[in-house]
Amino acid sequence: MSVRGRGQERPGPIPVTRVIPGRTLATAGSGADTCAMEFLNFLIIGWAAWLLWRRPERERLAFLLLVVACLLMALGFFIGSHGSLVPGVNL
Amino acid sequence: MALSEDRLRSILAWVVIVLIGGPVLGAVLLGVLHGDSPCILCWAERVGMVLIALTGLFVVRYGPRPRYLGMAVLLGVWGVYMSLRHSGLHAARDVGQGFSAPILGVHTYVWALVIYVIALTVIGVLLLFVKQIGPAEGAREPGRAGRFAMGLFVVVVAANALQAFASTGPPPWFGQGDPVRLSWNPTHWVWSFEELDPPYVSLRGSWTIPRPDPSVADPDPAHGPLAGLPVLAVSGWERLGAPLAGALSGFARDSATGRCLVTTDRFGVVLLDSATSRVLHQVVLDPGFSVDVSTLAGAAFLGGDTLAVVADNKSWALLRPDLRADERAEWRHFLSWDGRVSEVGLGRFQTVRAHQMYVRSLAFDPAAQQLVTVSVPNPRHHQLVVSRFARGDMVVSSEFEPRAGAGLTLAPGRSLADYLVTGATVAGGRLYAISAAYSTLLEIDLQDQTVRGAWAVPGLVHPVGVAARGPQLLIAQSDGGIAVLPKPAP
Numbered sequence: 001m002s003v004r005g006r007g008q009e010r011p012g013p014i015p016v017t018r019v020i021p022g023r024t025l026a027t028a029g030s031g032a033d034t035c036a037m038e039f040l041n042f043l044i045i046g047w048a049a050w051l052l053w054r055r056p057e058r059e060r061l062a063f064l065l066l067v068v069a070c071l072l073m074a075l076g077f078f079i080g081s082h083g084s085l086v087p088g089v090n091l
Numbered sequence: 001m002a003l004s005e006d007r008l009r010s011i012l013a014w015v016v017i018v019l020i021g022g023p024v025l026g027a028v029l030l031g032v033l034h035g036d037s038p039c040i041l042c043w044a045e046r047v048g049m050v051l052i053a054l055t056g057l058f059v060v061r062y063g064p065r066p067r068y069l070g071m072a073v074l075l076g077v078w079g080v081y082m083s084l085r086h087s088g089l090h091a092a093r094d095v096g097q098g099f100s101a102p103i104l105g106v107h108t109y110v111w112a113l114v115i116y117v118i119a120l121t122v123i124g125v126l127l128l129f130v131k132q133i134g135p136a137e138g139a140r141e142p143g144r145a146g147r148f149a150m151g152l153f154v155v156v157v158a159a160n161a162l163q164a165f166a167s168t169g170p171p172p173w174f175g176q177g178d179p180v181r182l183s184w185n186p187t188h189w190v191w192s193f194e195e196l197d198p199p200y201v202s203l204r205g206s207w208t209i210p211r212p213d214p215s216v217a218d219p220d221p222a223h224g225p226l227a228g229l230p231v232l233a234v235s236g237w238e239r240l241g242a243p244l245a246g247a248l249s250g251f252a253r254d255s256a257t258g259r260c261l262v263t264t265d266r267f268g269v270v271l272l273d274s275a276t277s278r279v280l281h282q283v284v285l286d287p288g289f290s291v292d293v294s295t296l297a298g299a300a301f302l303g304g305d306t307l308a309v310v311a312d313n314k315s316w317a318l319l320r321p322d323l324r325a326d327e328r329a330e331w332r333h334f335l336s337w338d339g340r341v342s343e344v345g346l347g348r349f350q351t352v353r354a355h356q357m358y359v360r361s362l363a364f365d366p367a368a369q370q371l372v373t374v375s376v377p378n379p380r381h382h383q384l385v386v387s388r389f390a391r392g393d394m395v396v397s398s399e400f401e402p403r404a405g406a407g408l409t410l411a412p413g414r415s416l417a418d419y420l421v422t423g424a425t426v427a428g429g430r431l432y433a434i435s436a437a438y439s440t441l442l443e444i445d446l447q448d449q450t451v452r453g454a455w456a457v458p459g460l461v462h463p464v465g466v467a468a469r470g471p472q473l474l475i476a477q478s479d480g481g482i483a484v485l486p487k488p489a490p
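Chains as they are written, first to last, in this note's numbering: chain W, 1 to 91; chain F, 1 to 490.
So here's chain W without its partners, still in its complex pose:
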């Protein structure tokens, strides 16, 4: 059992699809079409900020990007906590 991060929620070995560039890659698994990615989200946020700064007339697009980034962030947290949406304590 892992003792870091979310490990305590998941007894037993954690099946990890591990991909290390430059080495033989494991199969990406069923999550390959999932689109909750931190890197992508920062690109979207950076794009929105760029619009605010340099193209303020594109407010609707910038706000749309803000909404998309919020949804991606929420989805990322949901993926990280879907095994137990509330804290692992007595309610």
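Just some of the chain F residues that point at chain W, by a computed CB distance under 8 Å:
hint	residue
1	Thr55
2	Leu57
3	Arg61
4	Leu75
5	Leu89
6	Met150
7	Phe153
8	Phe165
9	Thr168
10	Gly169
11	Trp173
12	Gly177
13	Pro198
14	Val201
15	Arg204
16	Ser206
Source of the hints: derived by calculation from the structure; they are not laboratory data. Note that beta-carbon positions come from the ideal geometry of N, C-alpha and C, so glycine has one too.
Starting from the structure of chain W, add chain F where the hints point.
Same frame as chain W, now just chain F:
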């Protein structure tokens, strides 16, 4: 005092600078300087802060439109949820433990909660003082602070994107629960989908534990996990003579005086004479005040007139007959009281292995001065855990999962955790435990932690307690019937 729109924009620009230049940039520096890598939940919390700052930049650029303010409040509330959920993973660990290194003695996920609460407070205070929000106008040129905030924002977001690329990978990979430390060497990078496990969505995860219901257990010994058990035949039947309000839920007998202690499913605790026909004392516990007492599930004599009862959630109460009991002091403890019982203790057993399991039994080991419980398995945790608690402080002393001893054969794919222990007693250094499932009596050696013997006891219906009486064992049922059987020789 009221804030003009221009003043609000200027203040917000500084708020964005503080938020982005403080915790968000600080998090990046932690990664670069100390190798700190955020887990997937940390990433979401960090992104949430960035998005609150971005919402602030919208106000700096376009003024305080309602949808910006609404978005900022939603992000703040979501951030509080995220950080509470995240902190909940580690809040109950032993002192000093947590995820990643603490900053000023506090871990980052707790700092996230502080930051989100501050952000919501700042939003509230600014809204409190802002003048009437006017009609939407076009974009305005930000002031010096606004321009600096935008530039800083873009730089910090770019730095985060770089760290996210190394730490979590490009699409479609995403963050990990247990990331490795940040490295700029690509051979150290780990990009994964581990967070998709488990494949299901759950509200409470491993804390989704149904209350045990022994009445639905299969009583047929032939279906149990131990094959070919000898039969221990009931030699006679007795019955509790005293009337009880509710069904029997726990049973114990004092070997010194012969008195019996029973609990009921309506929080009743009744001390009976040795013939079980006369009530000596009886009270009804207050289950809702202070310690949460759920269904009473076991009873034990602790010696010296001290009585112990335990609920299936492992809350316990210690009582003592007391002819000088003070009504004003005891009123708070009991819903019904005979005037001659004092509560001497109320608390909760805390276990390690049985943390997410209920119990249905209580025993007392006089030689070791320990109280003993046996866990009830559930769909999430299939374990039979014997927990022992020191009489002195009621804190767990040891725990073990008993093994099948010599001569006992488990059927393929079965385990001792298939049993559902609803009554237990210690006699002669052995723990005798009766299982409502498969009507089986287990004899557990507390020293070498093995099941020394097991016997099928056909004819039992919903047993709730077991006690020793000389060479006999008494097994009480929820209907008040008591099966008498010879105590197996050790």
